[in-house]
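**Q** Sequence:
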Amino acid sequence: MSNHDLHHGSCHCGAVQFEVRTALTPAARCNCSLCRRKGALMSPPFAAAELKIVKGEDALTLYQFNTRVARHYFCKHCGIYPFHQTRKDPLLWRVNIGCLDGVDPYSFEAGVNDGASLSTVILEDA
Numbered sequence: 001m002s003n004h005d006l007h008h009g010s011c012h013c014g015a016v017q018f019e020v021r022t023a024l025t026p027a028a029r030c031n032c033s034l035c036r037r038k039g040a041l042m043s044p045p046f047a048a049a050e051l052k053i054v055k056g057e058d059a060l061t062l063y064q065f066n067t068r069v070a071r072h073y074f075c076k077h078c079g080i081y082p083f084h085q086t087r088k089d090p091l092l093w094r095v096n097i098g099c100l101d102g103v104d105p106y107s108f109e110a111g112v113n114d115g116a117s118l119s120t121v122i123l124e125d126a
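In full-length UniProt numbering, the protein residues as written are 1 to 126.
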């Protein structure tokens with residue numbers, strides 16, 4: 001684990017609980033088609049080893065789109081997005097700051113990652 005602070009988090013219903021060692025700044029949003037709609041504030045990227053699912057791995061459902069490299073996880077009971085594996089570097093993850101215990105996501109200034117520029121449109125013959 002890194003020298004970043006250890007944070008505890010969960011989805012809304014508590015079925016998914018996790019620990020993550022990460023910095024919280026610089027926080028970011030993303031303008032890709034999925035993130036624009038979910039509006040979550042994300043932590044900086046961190047290595048997969050920094051995330052530990054404490055409870056409810058079986059309550060997670062995976063959503064992938066476009067190139068299917070990024071792996072977005074949601075609680076299948078309450079629908080909350082707690083974390084995802086990034087497309088830009090699949091060895092890195094980000095956590096939804098709004099899922100962290102005792103952390104106010106509205107207290108952060110946030111930049112916007114240009115995830116939309118990473119999207120490709122795959123046209124199929126009609």
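Derived from the structure by calculation, the hints contain no laboratory data.
All of these numbers come straight from a predicted model, not from anything done at the bench.
Be aware that one or more of the hints could be misleading.
Unchecked claim - Pair by pair, the computed Cβ-Cβ distance ranges are:
id: 1; residue 1: Phe65; residue 2: Cys13; range: 23 to 29 Å
id: 2; residue 1: Asn66; residue 2: Leu91; range: 25 to 31 Å
id: 3; residue 1: Asp5; residue 2: Tyr63; range: 14 to 20 Å
id: 4; residue 1: Lys52; residue 2: His12; range: 16 to 22 Å
id: 5; residue 1: Asp5; residue 2: Arg68; range: 19 to 25 Å
As the list claims (entries may be wrong) - Listed below are the simulated PhoX-like cross-link pairs for lysine-lysine, each with C-alpha atoms no more than 25 Å apart in a straight line:
id: 6; residue 1: Lys76; residue 2: Lys55
id: 7; residue 1: Lys52; residue 2: Lys76
id: 8; residue 1: Lys38; residue 2: Lys52
id: 9; residue 1: Lys88; residue 2: Lys38
id: 10; residue 1: Lys38; residue 2: Lys55
id: 11; residue 1: Lys76; residue 2: Lys38
id: 12; residue 1: Lys52; residue 2: Lys88
We put the beta carbon where it would ideally sit given N, CA and C, even for glycine.
**Q** Indicate, hint by hint, whether the structure satisfies it.
**A** The hints, checked one at a time:
{"no.": "1", "hint": "Phe65 x Cys13: 23 to 29 Å", "result": "holds, 24 Å"}
{"no.": "2", "hint": "Asn66 x Leu91: 25 to 31 Å", "result": "violated, 19 Å"}
{"no.": "3", "hint": "Asp5 x Tyr63: 14 to 20 Å", "result": "violated, 28 Å"}
{"no.": "4", "hint": "Lys52 x His12: 16 to 22 Å", "result": "holds, 20 Å"}
{"no.": "5", "hint": "Asp5 x Arg68: 19 to 25 Å", "result": "violated, 32 Å"}
{"no.": "6", "hint": "Lys76 x Lys55", "result": "holds, 14 Å"}
{"no.": "7", "hint": "Lys52 x Lys76", "result": "holds, 18 Å"}
{"no.": "8", "hint": "Lys38 x Lys52", "result": "holds, 23 Å"}
{"no.": "9", "hint": "Lys88 x Lys38", "result": "holds, 19 Å"}
{"no.": "10", "hint": "Lys38 x Lys55", "result": "holds, 23 Å"}
{"no.": "11", "hint": "Lys76 x Lys38", "result": "holds, 15 Å"}
{"no.": "12", "hint": "Lys52 x Lys88", "result": "holds, 22 Å"}
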